[in-house]
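Protein sequences, first through last, are from chains B, X, Z and D.
Our numbering puts the first residue of the first sequence at 280, with every later residue one more than the last.
Our numbering puts the first residue of the second sequence at 280, with every later residue one more than the last.
Our numbering puts the first residue of the third sequence at 280, with every later residue one more than the last.
Our numbering puts the first residue of the fourth sequence at 280, with every later residue one more than the last.
Everything labelled a hint here was simulated from the structure, so no lab data went into it.
Among these hints, one or two may not hold up.
Derived, one-sided and incomplete: chain Z residues facing chain D with beta-carbon distance under 8 Å [stated by the list, open to error]:
hint, residue
1, S281
2, I453
3, K505
4, M633
Here a beta-carbon is modelled for each residue, glycine too, at the ideal position from N, C-alpha and C.
For reference, the chains in residue letters:
There are 4 protein chains.
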Amino acid sequence: MSGSIFGNHFRITTWGESHGPAIGVVIDGCPAGLALSTEDIQPFLDRRKPGQSKYTTKRNESEQIQILSGIFEGKTTGTPISLIVYNQDQRSKDYKNLAATYRPGHADYTFDAKYGFRDYRGGGRSSGRETIGRVAAGAIASKILHTLGITIQAYTKAIGPYSIAPSDYHFDEINRNPLYMPNAQTAKKAEEFLSDCMEQQDSAGGVIECRIEHLPVGIGEPVFSKLDATLAKAIMSIGAVKAVEIGDGFSASSALGSQNNDAFCLDKNGHISKSTNHSGGILGGMSDGDTVILRAAFKPTPSIAKVQNTVTKQGEATTLSITGRHDPVIVPRAVVVVESMAALTVLDLMFSNMHSNLDGILNFYKK
Amino acid sequence: MSGSIFGNHFRITTWGESHGPAIGVVIDGCPAGLALSTEDIQPFLDRRKPGQSKYTTKRNESEQIQILSGIFEGKTTGTPISLIVYNQDQRSKDYKNLAATYRPGHADYTFDAKYGFRDYRGGGRSSGRETIGRVAAGAIASKILHTLGITIQAYTKAIGPYSIAPSDYHFDEINRNPLYMPNAQTAKKAEEFLSDCMEQQDSAGGVIECRIEHLPVGIGEPVFSKLDATLAKAIMSIGAVKAVEIGDGFSASSALGSQNNDAFCLDKNGHISKSTNHSGGILGGMSDGDTVILRAAFKPTPSIAKVQNTVTKQGEATTLSITGRHDPVIVPRAVVVVESMAALTVLDLMFSNMHSNLDGILNFYKK
Amino acid sequence: MSGSIFGNHFRITTWGESHGPAIGVVIDGCPAGLALSTEDIQPFLDRRKPGQSKYTTKRNESEQIQILSGIFEGKTTGTPISLIVYNQDQRSKDYKNLAATYRPGHADYTFDAKYGFRDYRGGGRSSGRETIGRVAAGAIASKILHTLGITIQAYTKAIGPYSIAPSDYHFDEINRNPLYMPNAQTAKKAEEFLSDCMEQQDSAGGVIECRIEHLPVGIGEPVFSKLDATLAKAIMSIGAVKAVEIGDGFSASSALGSQNNDAFCLDKNGHISKSTNHSGGILGGMSDGDTVILRAAFKPTPSIAKVQNTVTKQGEATTLSITGRHDPVIVPRAVVVVESMAALTVLDLMFSNMHSNLDGILNFYKK
Amino acid sequence: MSGSIFGNHFRITTWGESHGPAIGVVIDGCPAGLALSTEDIQPFLDRRKPGQSKYTTKRNESEQIQILSGIFEGKTTGTPISLIVYNQDQRSKDYKNLAATYRPGHADYTFDAKYGFRDYRGGGRSSGRETIGRVAAGAIASKILHTLGITIQAYTKAIGPYSIAPSDYHFDEINRNPLYMPNAQTAKKAEEFLSDCMEQQDSAGGVIECRIEHLPVGIGEPVFSKLDATLAKAIMSIGAVKAVEIGDGFSASSALGSQNNDAFCLDKNGHISKSTNHSGGILGGMSDGDTVILRAAFKPTPSIAKVQNTVTKQGEATTLSITGRHDPVIVPRAVVVVESMAALTVLDLMFSNMHSNLDGILNFYKK
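Bound-form chain B, shown alone (with noise of 0.2 Å):
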């Protein structure tokens, strides 16, 4: 397989390039029963949707969701749901001149050494258009993990060099600011910041972090699927990605032990508890009931008009400036992918622990 499958129990499976007829994503294993509508989804791609500000490409992309199987009479079926975006804004010419050039930063390279040639037009396969499968399955995982009583939410926390420390936090801040930042002010300044940047021809990138909320105890299988090592491949998967975090991430590796521990303790009810949260609400690869947090950091976009050093594929050294449409920063659009990611990964792992204990099996098939 060439890897477009993820989950192993709620799976899904995206298709398409950015300029090819349309873009999709097959989920196989969805439990039946769930009322879905376009209108639960429709809502999460308008948030990765382009032209939403000045800091986002200003393509015209057409993102209305269909849906072509698995629901009958409002409700899923239990059969595999088909999700089918088509594309319409395929401006191919734009990229006609890029067939033999490499651009930095890009997967142009790395594609034709692998499969021999590649669809060049608009990023092809590694277009963030490929993002639109991952958006449209996670509003569904989260409609469930929502029904389940869990939330996720993914916000910016740093843009460049503005970044944003926890005691900062104003959460309904996220929705007042393009940036989707929880800071009104530091949001200015970055947007500041990204006025530059586009002035200066150049690009920049940030931080993204998500917090899952009441989520049970015991989620993630120990070892190798690890609930923070599953959310890690989910998140480094997303395109631009090169560092993911889980509670203190780096800043634990120069903590001693006595600082970075977490207390055990009974709260107000009388529930195991913790008095800090330094570990990001995972212990040993499960969830240990306190807030899982995680932050991935995003790579400034690649495509920018300054003049850059490059190679064609005949192997000739030459410059390009990759003009048209592009964003600035790929951050704010990238919130969602996040959230989305993350709902995907916590929802598999919920179906996996399904089977951890006799008990719940007994129960479960005596009801």
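Once you've looked at the hints, dock chains X, Z and D against the given chain B.
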């Protein structure tokens, strides 16, 4: 499955608890014709063995590997290879007092929540001894990669706050100090720091870096099974890892596109190359011909003698001081574990890559 | 997952219901560089299309295949191939009366029991139309096998009690009669038998045989993924199949060892061969160089106009006469489905076989 | 992978060669909380042990099972269970002459072709001893199924030409004769037939039937992972099996629809039932509440003392007489293997079924 299987083609299943009769691994998918004996595997295990220095536990853990299947007349036969290490120093009594008390920073609570109870002796399945199976299988994967001209080397980049900048790396120092650090001076400071930690009944963490050299271009599958994503899962699945970076990692998120992009150029042989390696050898989820560089952040050992607040299984507040033999830092012993997980990941994706191209398949079967 | 994914390397996901908007398949793992257009696929679909003869349903089912991804400039790119057929003749009203009544021999009751309800229109997911995805993917697998010199041919060995002995096979007859039988006389008798069935508002079953020629020796993995075991699953997963045989099949169970063993000999070129083929081309789960032969028994079409006793979803006894357009026998239309499933199985195991031997891997990467 | 892994949720990996140091299996995915000791497993292994009667080889094969992991205080912990049987009677010299000669009906030639060479001692990996791992794991699956009220029983329906009709079954006879046949008279005739075979240095095959009772309705996944398809793979993966039938099997292909359809009716408790069971308990790939019935055809033991024509590895014609201790028929010892593979298949699909329905998931997590 409970998550003890890793890989799709060179697939390993690890098993065993710290204080059970034995620990082992089965490899399904090792190609036939590889010369193999315990002498290829034992040196890898010896690198993770306790008692190598004052900074590792003095437990006398037996780690003599035995091969139970899959070898005939000194060569692999293509059938499953079963490897076993019998446990010997099983002082279970040391752990009786831990049966009902949850150690902060450990998996005790999450195991009990998921499975109802746990083998509490020495950490049971979540003991560091679980990595014996990973390292034994990793030794075989490494040997195959070696025949393909690919080398993998990990080392300690940082212990607590003592970190080495790439410009100060001296790779020939790595095996000359007990911490596997590529700089003698920093290693010495780190040793002093660890002595302090031990005096204060505390523990430390650190950072391991890993370099994969001479990988062909195009290894890794676009979308979900990217080389970086698969490495991230593999490395994050190691016990105490809280973060993974590829190439510039987190610092890429605050760089400009013009700084972070690696210009393509031609090397002295006229082959396509890159003038810098911010990407860490991976573009679009596939190896780009440059050195693959990853870093993993390890949290401090959670077992400390300092008194900690915690709770019992029955939900009563208590305090705990973990005495006995524990590593003040697990990073040096984890170096070979990182190398092993990287080897397993890379080899698996190299097998997968063999089906990428019709020409390759035709050549294979026309031999 | 709900079981709509087949294969490990050349992996297909089918989706779609009989009366939904469309039906399709996504192939993940098709190698790059294969010349491919709808003209390679449509002829396969046309062989399973209804309305080919008086013995197949006269429903005007549209089966125009479209390619939505994975092809660029006429060749596969190595990325997922999404294939779609839009449904057109959706006379859902024909089925309204079946919503609450369980058709004997059909999956109505089991679907309801498993999922709580079902898309009852035209059989929903368990309709024969589900095989469209299999056949479309099988056409691509067959084309790849063809480039490797491997051919697969299925045909109707028996309809009801009319069966053809191997000594009476005339392979050039297969495409000259509407039943795809390799003997004109038996085909004629079978047609008369089917006419009788139709007059009596009844239906018939039959046997399909499939021959795979020129497979290299050694395809199939010992133990659980044997070639015969994987073929058995693939073929038994086709709707109405109730039995699968390899080589002599059931009659081998009453033979003596001295009769059933195939002596090895040397062919005219001095190559190792077998003097007989009781094994059906498979020894120890791997292809032995001889023609692979398998047979599948199909039960009679369960949809019959004759009055049957049954129950409603609410648990009330009732009677049922299934009117409308139904095949009196599905065997002729299933011939291409058997061929397709065999092609998908063989290709997948040929990919898996590429990692069997260290020499093969070294050669591949030293190219 | 080389195909030694079976199942998706209750996943087993078998390993070991006939004359290697040991043979074993690792189970990943056994739920926690099952009381388990070797006494649950040994009786299953004793049923496949050689030397039980004059019709089975007199080799003194040790089959004392040991549990190496996954059990604590008498119960499964949810972590991998490693089971091992040490080999003892390794008279490798018996097999030296077979190193270069291909035994007809065996896997010698195909192993050499695939892997370049093979462990020729006692059949190596393709020995019947490979089933030890299947049976040991099957014993555990059976115990779990038993707690769920599900029973599985296999028996010998036919030896050579001596077959028992369902109307002549006496299930209490099964364990009273060495052939595990449900009819004393036929068993006696079959024993005489086997004695003749042995005198004439020949061997025999037979048919095993298996019944699965009290399975809930809806087990099995539509399309590719149907219950019948998955059972077919499981059973066909047993060494000498050449055919698998479900319910009426091949005879369904010559029946009329009106004969083969099972009318639905109401049982005395008013529950939905079927008035006949031609379907063998499976409709649309899912259990229909009736007894699941399958049959497997075993070819005659290929190892015979009679002189056979064959070739050497070097491609020279020769003759071969296989002396030593071989079963004249493997069917009686394979009865428990069929039972074990059926148990593993059913349990795995029961786990998979737990995610089918949103209500079931909600109930599970609201406990």
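message: Please check whether S281/Z passes as an interface residue: C-beta within 8 Å of a C-beta belonging to chain D.
response: Where the cut-off is 8 Å and the nearest Cβ of chain D is about 5 Å from S281/Z, the hint holds.
task: Report holds or violated for the interface hint on M633/Z, using the least CB-CB distance to chain D and a cut-off of 8 Å.
output: Status violated, d = 11 Å.
Hint validity - K505/Z Cβ closer than 8 Å to any chain D Cβ: holds, 5 Å
query: Taking the closest Cβ pair, is I453/Z under 8 Å from chain D?
result: violated, 19 Å
Checked against the numbered hints given earlier, this structure breaks hints 2, 4; the rest are met.
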